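A.B. asks: Using the hints provided, position chain H relative to the given structure of chain C.
These protein sequence lines are chains C and H, in that order.
Under the numbering used here, think of the first position of the first sequence as 1, with each following residue one higher.
Under the numbering used here, think of the first position of the second sequence as 1001, with each following residue one higher.
Calculated directly from the structure, the hints in this document are not laboratory data.
There's no promise every hint is true.
What the hints assert, rightly or not - Computed cross-link-like contacts, BS3-like style, restricted to lysine-lysine with a CA-CA straight-line distance of at most 27 angstroms: (1) LYS101/C / LYS1012/H; (2) LYS7/C / LYS1053/H; (3) LYS7/C / LYS1080/H; (4) LYS1109/H / LYS157/C; (5) LYS184/C / LYS1088/H; (6) LYS1064/H / LYS2/C; (7) LYS1109/H / LYS7/C; (8) LYS185/C / LYS1080/H.
As the list claims (entries may be wrong) - To give an idea of the chain H side of the interface with chain C (calculated C-beta under 7 angstroms), a few residues: (9) HIS1002; (10) GLY1005; (11) VAL1006; (12) HIS1009; (13) LEU1010; (14) LYS1012; (15) THR1013; (16) GLY1027; (17) CYS1106; (18) ILE1108; (19) GLU1110; (20) ILE1111; (21) GLU1112; (22) ALA1113; (23) GLU1114.
Said to hold, decoys possible - Calculated from the model, a selection of chain C residues having no Cβ within reach of chain H, i.e. all distances over 12 angstroms: (24) LEU21; (25) GLU23; (26) LYS75; (27) ALA77; (28) VAL81; (29) ASP167; (30) THR168; (31) ASP173; (32) VAL218.
Remember, predicted model here, so these are calculated numbers, not experimental data.
All C-beta atoms, glycine included, are put in the ideal place defined by N, C-alpha and C.
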Amino acid sequence: MKIIELKESITASNDEDARVLREELKQNHTLLINLMASPGAGKTTFLGKTIKDVGDKIKIGIIEADIDSDVDAKKLAELGVEAVQAHTDGMCHMDAGMTRKALEELNYQNNDLVFLENVGNLICPAEFDTGAGRNVMILSVPEGDDKPLKYPLMFTKSDVLIITKIDTISVFDFDFDKCEQRAKKLNPNIQIFKVSAKTGEGMEEWEKWLSAQVKQWV
Amino acid sequence: MHEMGVVIHLAKTLDKLAEEQHITRIGSVTLSVGEVSGIVNDLFVDAWNYFRKKHPVLNDAELKMETIPAYTHCDGCGSKYETVKHGKICPNCGSKETWLIQGNECIIKEIEAETADEELINQEDKGEENAGDL
Chain C
1 MKIIELKESI TASNDEDARV LREELKQNHT LLINLMASPG AGKTTFLGKT IKDVGDKIKI
61 GIIEADIDSD VDAKKLAELG VEAVQAHTDG MCHMDAGMTR KALEELNYQN NDLVFLENVG
121 NLICPAEFDT GAGRNVMILS VPEGDDKPLK YPLMFTKSDV LIITKIDTIS VFDFDFDKCE
181 QRAKKLNPNI QIFKVSAKTG EGMEEWEKWL SAQVKQWV
Chain H
1001 MHEMGVVIHL AKTLDKLAEE QHITRIGSVT LSVGEVSGIV NDLFVDAWNY FRKKHPVLND
1061 AELKMETIPA YTHCDGCGSK YETVKHGKIC PNCGSKETWL IQGNECIIKE IEAETADEEL
1121 INQEDKGEEN AGDL
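Bound conformation, chain C alone:
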């Protein structure tokens, strides 16, 4: 037996699958956005509002990743977008292989934009590249401004941080400046949007960014 030195990332096979998938998506003019957040941060409500606002201009598809059930996919399908449910079979994250399967089921080529609503969790989804063109994370005001300290990897890997439920600010001790500072320290390039999907406040800016990204990608 001989020793072979590798010094390779343990998830190298996923990194490669993700790279290939990202290229394919680019060639097919579909932007995949990996949306990550804790359970209850308001991912589905936020997506619902985004679809209502820009769904007539951008053709959107949805992949709902959950350990089980299809309540979210049903909710979003009611808004007239194509939505598929990807079950992760008990796993806490989506990887590039699972994402590819779900995209194929969705016939993603018909869409300009596909949102992958990842499993609700701020840890594991950050560890696995899904092949998405952009990573977006949601942090809701009730969760607290200290989350960048507790889940640094998620903030490092995200291109965008959406702070949601800003309409509840009067009842929570959430310091926007502190949260921003903490996030920027981990990731100086992170873009931050403050929104309320319920009142619509701040959504316009996010949607402007989103439309620009879709145009840039295709």
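C.D. replies: Below, chain H alone, put in the same frame as chain C:
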């Protein structure tokens, strides 16, 4: 749960490597895992022992885990300290302005492998201890 996902990718990476380099059997896999990588060693080994049986090349591959110690740098006083012991706050000056230098890695360091050519050599040379395995 997370460990299982990582093990699946580890097995895939090694399967691919085996194909590329004509490896017939992997005897051991050595991982370098950071103290704060979030990998739970016991769970990881359990998941490995389950998955290796599904990959012929990995059937007898023993998993060896080496730990990379975690160190944090303090911007406040410039010192370096042990992350696991002290966490985010610098024990020397109390500053919260700190960042991890190392310790969140998860790397496949090396493997012990037998290739197809080696098997031939072993078959020719009866004195080799591995010949008995063939």
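A.B. asks: Please go over all the hints and tell whether each is borne out by the structure.
C.D. replies: Hint check:
no. : hint                 : result
1   : LYS101/C / LYS1012/H : holds (17 angstroms)
2   : LYS7/C / LYS1053/H   : holds (24 angstroms)
3   : LYS7/C / LYS1080/H   : holds (25 angstroms)
4   : LYS1109/H / LYS157/C : holds (24 angstroms)
5   : LYS184/C / LYS1088/H : holds (17 angstroms)
6   : LYS1064/H / LYS2/C   : holds (16 angstroms)
7   : LYS1109/H / LYS7/C   : holds (5 angstroms)
8   : LYS185/C / LYS1080/H : holds (19 angstroms)
9   : HIS1002              : holds (5 angstroms)
10  : GLY1005              : holds (5 angstroms)
11  : VAL1006              : holds (6 angstroms)
12  : HIS1009              : holds (5 angstroms)
13  : LEU1010              : holds (5 angstroms)
14  : LYS1012              : holds (4 angstroms)
15  : THR1013              : holds (4 angstroms)
16  : GLY1027              : holds (5 angstroms)
17  : CYS1106              : holds (5 angstroms)
18  : ILE1108              : holds (5 angstroms)
19  : GLU1110              : holds (5 angstroms)
20  : ILE1111              : holds (5 angstroms)
21  : GLU1112              : holds (5 angstroms)
22  : ALA1113              : holds (5 angstroms)
23  : GLU1114              : holds (5 angstroms)
24  : LEU21                : holds (15 angstroms)
25  : GLU23                : holds (19 angstroms)
26  : LYS75                : holds (25 angstroms)
27  : ALA77                : holds (28 angstroms)
28  : VAL81                : holds (28 angstroms)
29  : ASP167               : holds (30 angstroms)
30  : THR168               : holds (27 angstroms)
31  : ASP173               : holds (18 angstroms)
32  : VAL218               : holds (30 angstroms)
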